[in-house]
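Visitor: Counting in our numbering, the sequence shown runs from 1 upward without gaps.
The hints are simulated quantities; they were obtained by calculation from the structure and are not laboratory data. Be aware that a few hints might be false.
To be verified - Straight-line distance between alpha carbons at most 20 Å, and here's what the computed PhoX-like set of lysine-lysine pairs gives:
(1) Lys8 x Lys49
(2) Lys27 x Lys8
(3) Lys8 x Lys23
(4) Lys23 x Lys49
(5) Lys58 x Lys8
(6) Lys58 x Lys27
(7) Lys11 x Lys27
(8) Lys58 x Lys11
(9) Lys11 x Lys49
As the list claims (entries may be wrong) - Each pair of labels, with its calculated beta carbon distance range:
(10) Glu41 x Glu63: 26 to 36 Å
(11) Asn44 x Gly14: 25 to 35 Å
(12) Asn44 x Arg15: 13 to 23 Å
(13) Arg30 x Val4: 18 to 28 Å
(14) Ser40 x Glu63: 15 to 25 Å
(15) Asn44 x Trp20: 17 to 27 Å
Ideal Cβ positions, reconstructed from N, Cα and C, are used throughout, including at glycine.
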Amino acid sequence: MPEVDVSKCPKCSGRLSRVWGSKNIFKCERGCLLRLVFESEIRNTDREKVIWVDQEEKEYPAEIIEN
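Assemble the whole structure, with the sequences as input and the hints as a guide.
Guide: Listed below in C-alpha cells is the structure:
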C-alpha cells in the first residue's frame with residue numbers, strides 16, 4: 001500500500017490515530033471511525049486506488065504522500 005497521510009480525518013479534519021491492534025482502522029478525535037482500503041476491496045474494479053471508507057460505507061479520497 002502506498003504511504004498515505006493519516007494525520008487528518010478526511011471527513012471532519014480532526015486528528016487521526018490508529019485503532020490499537022489494527023493496520024488500517026483509524027479513529028479521529030471527533031469520533032469518526034474510518035478504514036483505509038484499496039478501492040478494489042469494496043468495488044468490482046482492478047484499480048489499486050487507496051480510499052477512506054467510514055461506517056456508513058461513504059468514501060473519501062486518501063492523500064498519497066509523494067517521496
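Visitor: Against the structure shown, which of the earlier numbered hints fail to hold, in ascending order?
Guide: 10, 12, 15
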